[in-house]
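Protein chains in written order, with the UniProt record's numbering: chain A, 1 to 256; chain B, 1 to 256.
Simulated from the structure, these hints should not be mistaken for laboratory data.
Any given hint might turn out to be false.
Identical copies carry no separate label here, and so any pair may be met within one copy or between two of them.
[To be verified] Below 30 Å or equal to it, Euclidean Cα-Cα: the simulated DSSO-like pairs (lysine-lysine) are: (1) K29 - K114; (2) K234 - K107; (3) K166 - K34; (4) K256 - K99; (5) K149 - K177; (6) K29 - K99; (7) K147 - K256; (8) K177 - K234.
Protein chains: 2
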Amino acid sequence: MASKVTGTSSAEGSQNIYDTADFFDQYIKLDRQKLGLEGAPEWPRLRAMLPDSLDSLRMLDLGCGMGWYARYFAENGAAHVRGIDISENMLDKARALNKTDAIEYMKADLEELKLSEGEYDVVFSALAFHYLVNLPELIQEVSRALKPKGRLVFSIEHPIYLGPTKGGFVTIEDGRKIWPLDAYQREGLRIRNWFVDGVRKQHRTLGTYINLLLDSGFELTDFVEWCPTEEDVKRSPGWETEFIRPTFLLVGAVKK
Amino acid sequence: MASKVTGTSSAEGSQNIYDTADFFDQYIKLDRQKLGLEGAPEWPRLRAMLPDSLDSLRMLDLGCGMGWYARYFAENGAAHVRGIDISENMLDKARALNKTDAIEYMKADLEELKLSEGEYDVVFSALAFHYLVNLPELIQEVSRALKPKGRLVFSIEHPIYLGPTKGGFVTIEDGRKIWPLDAYQREGLRIRNWFVDGVRKQHRTLGTYINLLLDSGFELTDFVEWCPTEEDVKRSPGWETEFIRPTFLLVGAVKK
Numbered sequence: 001m002a003s004k005v006t007g008t009s010s011a012e013g014s015q016n017i018y019d020t021a022d023f024f025d026q027y028i029k030l031d032r033q034k035l036g037l038e039g040a041p042e043w044p045r046l047r048a049m050l051p052d053s054l055d056s057l058r059m060l061d062l063g064c065g066m067g068w069y070a071r072y073f074a075e076n077g078a079a080h081v082r083g084i085d086i087s088e089n090m091l092d093k094a095r096a097l098n099k100t101d102a103i104e105y106m107k108a109d110l111e112e113l114k115l116s117e118g119e120y121d122v123v124f125s126a127l128a129f130h131y132l133v134n135l136p137e138l139i140q141e142v143s144r145a146l147k148p149k150g151r152l153v154f155s156i157e158h159p160i161y162l163g164p165t166k167g168g169f170v171t172i173e174d175g176r177k178i179w180p181l182d183a184y185q186r187e188g189l190r191i192r193n194w195f196v197d198g199v200r201k202q203h204r205t206l207g208t209y210i211n212l213l214l215d216s217g218f219e220l221t222d223f224v225e226w227c228p229t230e231e232d233v234k235r236s237p238g239w240e241t242e243f244i245r246p247t248f249l250l251v252g253a254v255k256k
Numbered sequence: 001m002a003s004k005v006t007g008t009s010s011a012e013g014s015q016n017i018y019d020t021a022d023f024f025d026q027y028i029k030l031d032r033q034k035l036g037l038e039g040a041p042e043w044p045r046l047r048a049m050l051p052d053s054l055d056s057l058r059m060l061d062l063g064c065g066m067g068w069y070a071r072y073f074a075e076n077g078a079a080h081v082r083g084i085d086i087s088e089n090m091l092d093k094a095r096a097l098n099k100t101d102a103i104e105y106m107k108a109d110l111e112e113l114k115l116s117e118g119e120y121d122v123v124f125s126a127l128a129f130h131y132l133v134n135l136p137e138l139i140q141e142v143s144r145a146l147k148p149k150g151r152l153v154f155s156i157e158h159p160i161y162l163g164p165t166k167g168g169f170v171t172i173e174d175g176r177k178i179w180p181l182d183a184y185q186r187e188g189l190r191i192r193n194w195f196v197d198g199v200r201k202q203h204r205t206l207g208t209y210i211n212l213l214l215d216s217g218f219e220l221t222d223f224v225e226w227c228p229t230e231e232d233v234k235r236s237p238g239w240e241t242e243f244i245r246p247t248f249l250l251v252g253a254v255k256k
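Turn these sequences into a full structure, and let the hints steer you where they fit.
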């Protein structure tokens with residue numbers, strides 16, 4: 001049985017699973033941790049939402065983890081990349097594996113992050129926002145921290161994926177393998193067992209995500225419910241289930 | 001057993017269920033047909049996406065049915081309302097029940113509609129677009145037909161609602177009543193039995209709808225996955241299931 005997360009979860013809902021050894025040891029064996037961007041099939045679609053040229057840009061990566069994206073940004077011309085994460089384990093790995101002069105890694109809790117006004121051209125975040133209780137406040141901060149016409153590009157677990165009160169496919173009586181939506185419109189905590197028991201995520205509807213952006217001064221520019229191609233599925237048969245329901249939602253927005 | 005729709009479905013996918021007697025006799029008994037806007041719980045949210053004042057506006061209603069919305073628009077100041085529908089039955093009812101001097105009802109197939117450039121301030125459509133095979137062409141036409149800063153406001157069956165290959169809730173082994181998503185990313189024909197067998201609808205993902213708008217010169221301004229309030233559910237307990245998954249998606253966009 002997987003161990004339960006303890007000791008790193010505050011009353012406010014902030015949770016740092018990455019600094020529990022049981023979790024971390026397994027997490028770093030994931031393709032997207034071992035291989036970086038090559039292990040993230042949705043990356044090409046996210047990349048397409050960023051400016052074609054990153055030359056001279058000031059960029060922020062929220063929940064930077066081991067720094068694979070930060071390194072890509074720095075190696076592709078960004079003048080300065082700030083990578084923020086709550087996990088010391090992650091930041092140690094990032095500094096060891098993916099450090100350049102243009103990158104500054106910083107420990108901070110996204111639940112209570114404060115940013116300077118008009119500092120960034122691009123704010124990026126991969127698979128972090130769906131852990132946050134205080135996401136509305138963070139999106140407001142991000143809007144403030146972006147220059148006019150600056151871009152916010154992020155991925156999250158798709159609300160269809162995170163919506164059910166329990167994760168996992170079910171085969172029903174008529175033989176269909178289905179994704180059992182049971183509480184899509186009930187937002188809030190979803191507890192998942194992922195390497196360890198008791199990982200805390202926050203379900204929000206698509207409407208809530210989109211309106212958070214629109215209400216914070218953004219124009220929506222990109223919206224991708226990631227799905228593999230038939231070619232992708234031939235190479236990685238496990239992705240076939242993405243046709244049943246999407247795992248990843250990728251979003252791009254520009255500050256008006 | 002319900003009768004099968006025949007004779008009114010073209011090779012191109014256009015289908016006019018409303019002019020089959022079996023369907024029509026039952027359809028007009030629905031609250032939203034008998035009571036008009038009072039029978040459409042999502043109407044207040046749709047109304048909020050329209051300009052506050054409709055004074056002097058030129059408006060188009062695509063799939064106007066019995067003309068309840070057209071009448072509202074005309075009675076609230078619109079200078080001219082064109083209501084378009086494929087069904088003679090519907091247009092007869094509209095002309096009998098909901099006709100004013102400002103309204104012009106017209107028979108046309110939305111699958112091949114052509115519109116004049118820059119004619120309308122507002123294009124509206126309630127629960128029609130998810131029947132259309134040629135929706136991309138229609139959205140382009142709508143974009144052309146709107147004045148600059150003109151608005152498109154529409155409702156559809158939510159892609160989560162229309163996505164499954166079969167409709168209907170299922171109770172699974174652990175006791176949960178669920179909505180069985182089995183093919184969300186497989187777009188195309190969904191056949192439903194609704195008063196009659198064989199009603200043809202077109203499933204598209206949320207991403208497809210949003211990108212159709214963005215690619216046709218629109219900015220997304222409103223996005224509501226309609227959900228009743230707890231108060232609504234007390235009055236109409238049948239709506240409780242809306243918390244499991246949304247039936248209606250309401251969208252507002254402005255021509256850039």
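Now the hints, each set against the structure:
In the homo-oligomer, the alpha carbons of K29 and K114 never lie at most 30 Å apart, since the shortest distance is 32 Å inside one protomer and 56 Å across protomers. When the C-alpha separation of K234 and K107 is checked against a cutoff of 30 Å, the pair qualifies neither within a copy, at 40 Å, nor between copies, at 48 Å. In this homomeric assembly, K166 and K34 come within 30 Å of each other (Cα to Cα) only inside a single copy, at 28 Å, whereas the closest approach across copies is 40 Å. When the C-alpha separation of K256 and K99 is checked against a cutoff of 30 Å, the pair qualifies neither within a copy, at 33 Å, nor between copies, at 42 Å.
Taking CA atoms no more than 30 Å apart as the test, K149 paired with K177 passes in neither setting, with 44 Å inside one copy and 45 Å between copies. Only within a single protomer do K29 and K99 lie at most 30 Å apart by alpha-carbon distance; the minimum there is 20 Å, versus 68 Å between protomers. Proximity of K147 to K256 under the C-alpha cut-off of 30 Å is found in both arrangements, the shortest distances being 10 Å within a copy and 22 Å between copies. Taking the shortest alpha-carbon separations for K177 and K234, only the intra-copy value of 20 Å comes in at or below 30 Å, while the best inter-copy value is 34 Å.
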